[in-house]
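S.K.: What follows is each chain in one-letter form.
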Amino acid sequence: MSELVIQLTRAGFLALLWLFVLVALRVVRSDLQSASGLRMSVPGAGKKSGKQSRPKTKSPRQLVVTEGALSGTRITLEGRPIMIGRADDSTLVLDDDYASTRHAKLSIRGQDWYVEDLGSTNGTYLDRTKVTGPTKVPLGAPIKIGKTVIELRS
Amino acid sequence: MAATSTNPDNREAPGGPGTGKGTGSATSTTPTRRGTELVLLAFATVVVTCALTLVNLNLESQPPNQILYYGVAFLALFGLAHLAVRRWAPYADPLILPLVAFLNGLGLVLIHRIDIGNAAEAERAGDAFSPAAPSQVFYTALGLVLLALVLVFVRDHRTLAKYSYTCGLVGLVALALPAVLPSMIAPNINGAKLWIKLGPLSFQPAELAKILLLIFFASFLVSKRELFTTAGRRFLGIDLPRARDLAPVLVAWAASIGIVVLERDLGTSLLFFGIVLVMIYIATERAVWIAIGLSLFAAGCLAAYSLFGHVQQRVDAWLNPMTSDSGYQLSEALFGMATGGIGGSGLGGGRPAIVPYAKNDFILAAAAEELGLLGLAALLLVYLLLTARGLRAALAVRDSFGKLLAGGLGFAMLLQVFVIAGGVTGLIPLTGLTTPFLAAGGSSLVGNYVLVGLLLRISDASRRPQQPSKPQPQQPPIAEAHTELVERPR
Numbered sequence: 033m034s035e036l037v038i039q040l041t042r043a044g045f046l047a048l049l050w051l052f053v054l055v056a057l058r059v060v061r062s063d064l065q066s067a068s069g070l071r072m073s074v075p076g077a078g079k080k081s082g083k084q085s086r087p088k089t090k091s092p093r094q095l096v097v098t099e100g101a102l103s104g105t106r107i108t109l110e111g112r113p114i115m116i117g118r119a120d121d122s123t124l125v126l127d128d129d130y131a132s133t134r135h136a137k138l139s140i141r142g143q144d145w146y147v148e149d150l151g152s153t154n155g156t157y158l159d160r161t162k163v164t165g166p167t168k169v170p171l172g173a174p175i176k177i178g179k180t181v182i183e184l185r186s
Numbered sequence: 029m030a031a032t033s034t035n036p037d038n039r040e041a042p043g044g045p046g047t048g049k050g051t052g053s054a055t056s057t058t059p060t061r062r063g064t065e066l067v068l069l070a071f072a073t074v075v076v077t078c079a080l081t082l083v084n085l086n087l088e089s090q091p092p093n094q095i096l097y098y099g100v101a102f103l104a105l106f107g108l109a110h111l112a113v114r115r116w117a118p119y120a121d122p123l124i125l126p127l128v129a130f131l132n133g134l135g136l137v138l139i140h141r142i143d144i145g146n147a148a149e150a151e152r153a154g155d156a157f158s159p160a161a162p163s164q165v166f167y168t169a170l171g172l173v174l175l176a177l178v179l180v181f182v183r184d185h186r187t188l189a190k191y192s193y194t195c196g197l198v199g200l201v202a203l204a205l206p207a208v209l210p211s212m213i214a215p216n217i218n219g220a221k222l223w224i225k226l227g228p229l230s231f232q233p234a235e236l237a238k239i240l241l242l243i244f245f246a247s248f249l250v251s252k253r254e255l256f257t258t259a260g261r262r263f264l265g266i267d268l269p270r271a272r273d274l275a276p277v278l279v280a281w282a283a284s285i286g287i288v289v290l291e292r293d294l295g296t297s298l299l300f301f302g303i304v305l306v307m308i309y310i311a312t313e314r315a316v317w318i319a320i321g322l323s324l325f326a327a328g329c330l331a332a333y334s335l336f337g338h339v340q341q342r343v344d345a346w347l348n349p350m351t352s353d354s355g356y357q358l359s360e361a362l363f364g365m366a367t368g369g370i371g372g373s374g375l376g377g378g379r380p381a382i383v384p385y386a387k388n389d390f391i392l393a394a395a396a397e398e399l400g401l402l403g404l405a406a407l408l409l410v411y412l413l414l415t416a417r418g419l420r421a422a423l424a425v426r427d428s429f430g431k432l433l434a435g436g437l438g439f440a441m442l443l444q445v446f447v448i449a450g451g452v453t454g455l456i457p458l459t460g461l462t463t464p465f466l467a468a469g470g471s472s473l474v475g476n477y478v479l480v481g482l483l484l485r486i487s488d489a490s491r492r493p494q495q496p497s498k499p500q501p502q503q504p505p506i507a508e509a510h511t512e513l514v515e516r517p518r
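Sequence order for the protein chains is A and B. When we follow the numbering used here, the leftmost residue of the first sequence carries the number 33, and every step to the right adds one. When we follow the numbering used here, the leftmost residue of the second sequence carries the number 29, and every step to the right adds one.
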């Protein structure tokens, strides 16, 4: 085989290797955007849904754990109630000696999210006040459950 | 770029859930991204097939019409794995399987290429020669079957936590087994007592032990997290842990010293201790554990160096590869990499087979010689991406056990790559770890496929949309699940 062909295929194969890496990185990037709960900024689709979602930007879209063993975890809010506690079927499973099996519940009424203590031993705190009945949760207010602190974010 | 633009349908549909009513079912709005996985698998197949074509063009060893057949077989093998993921872990990370396929495929091509070189040498010397590529293909298939079995039987990674002490015990026994067994069953191969040989079969139980011990540590640390965060005395502005809390670290340290002494394997020892340290660090977020571990490690290194001849030999070969008696392998590898340079000699253009054990320990040197710095960097980047996906799953999963396990699994792979790449390039003394997925070696390949199976399972749990508010009543009994699902594939 001629020397030129060898050199060309050599360079071509290296380019192919790097193309694979770049494609993989692209998948990582698109995954980052969809996992963080942000809408993909697809130009055409963005305009269509823009009118709908504009007035609702104030409503929380995700629950973020800011302190405790699970800190960094994000859960996208989808309208269903969120159960928090040590039970295996909770939405947010806490491994925390200070949390009860069914500790607290977050649920939506109309546009607002409400936190409710489910008879836990150590209580649920919204911004340092103990939660007794269903209480409205403002955006960014810390909810303390045992050693875990969660927040709602838009 | 065509590969990425073909799958916009897998992206999240705009105007999805999270606002107002949220009536849409979660499955329709959360992308599974299995299509992306398939496209990337096809791309990996193209890369691997091109590599094989180049090897055969440059060495003119095989008729080119067979290559297409190999490519199709490769795609079919991983296509079956893809179907298993689609069936049993539909929300798993779309990158993990293609990246593994890419590494494994390139490994197969490199092994095949070194086989050709070795065969030519053996012919010249008049020795018998058996190629390693066919058995590697067999172990790839076996590994993929095990990956599917992991996905089938481990439906929820949290069930593993229930067997943590069993895993820990079995893992420790497996780790210690070659050391205590008589040398008839556990022969001393190349100075290390790591293998168990039963008839024609030989395997390294350490590969299995690695995963079992990871499961044990993850579960142990979740339940005993407090133990490691209790502050003791303050010294020089650092919160030192209490002396009695050091016990688990000391046990791990003693065990890794034991491996060095009894099995004469530096790599496994280093890997084992590194995993323990990092998992404690992930669990407690306290850097003081890393400092304590590293100082223990340094003390252990000094002790091992002054006491054991085989450690001194390794260090000597590392510091003086050109003059030392045992440095021949490393110096040949360094010459090979220097020949490769930036762009490499092209697949089939170099002579990587000169290095002894080129297809096991020194496959990265072979890759560096033929693909150059650019190719090696691409390979290392793929390893990094694989680890990053593991850590991504660890971040996103919603329970602490899963977090620790995924973090540990991801890190174990990266540490293994670091130890062997550092050894091959002369950064650290050479130890006998295998390059995951790339190097020839059945136990390592199969073990790493089990590891990837667990990672897929955890990433599936982390990306799966939340269950509807009424939870699944009960999991079916395990016995039932067996009979139902074993029948299904193929």
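By construction, these hints were calculated from the structure, which means they are not laboratory data. As the structure is a prediction and not an experimental result, all values here were calculated from the model. We put the CB at the ideal spot given by N, CA and C, even for glycine. Honestly, I wouldn't trust all of these hints.
Here are the simulated SDA-like cross-link-like pairs (lysine to any residue), alpha carbons at most 20 Å apart as the crow flies [to be verified]:
no.	chain 1	residue 1	chain 2	residue 2
1	A	K179	B	V208
2	B	K252	A	S103
3	A	K179	B	K221
4	A	K162	A	D121
5	A	K179	B	L423
6	A	K179	B	V250
7	B	K252	B	T194
8	A	K137	A	R160
9	A	K179	B	E313
10	A	K168	A	I140
11	A	K179	A	I140
12	B	K190	A	R160
13	B	K190	A	S103
14	A	K179	B	I310
15	A	K179	B	T312
16	B	K225	B	V208
17	A	K137	A	R118
18	A	K179	B	R253
19	B	K252	A	I140
20	B	K221	B	R314
Among chain B residues calculated to face chain A with C-beta under 8 Å, some are [said to hold, decoys possible]:
no.	residue
21	T64
22	L68
23	V182
24	R186
25	F325
26	E360
27	G377
28	R379
Some chain B residues well away from chain A (every beta-carbon gap over 10 Å; in silico) [claimed, not checked]:
no.	residue
29	N86
30	R115
31	P126
32	L127
33	T194
34	G196
35	P276
36	G371
37	L409
38	S428
S.K.: State the violated hints by number, sorted upward, taking the hints as numbered earlier in the document.
M.R.: 1, 3, 4, 11, 12, 13, 19, 20, 23, 25, 26, 28, 29, 31, 32, 36, 37 and 38
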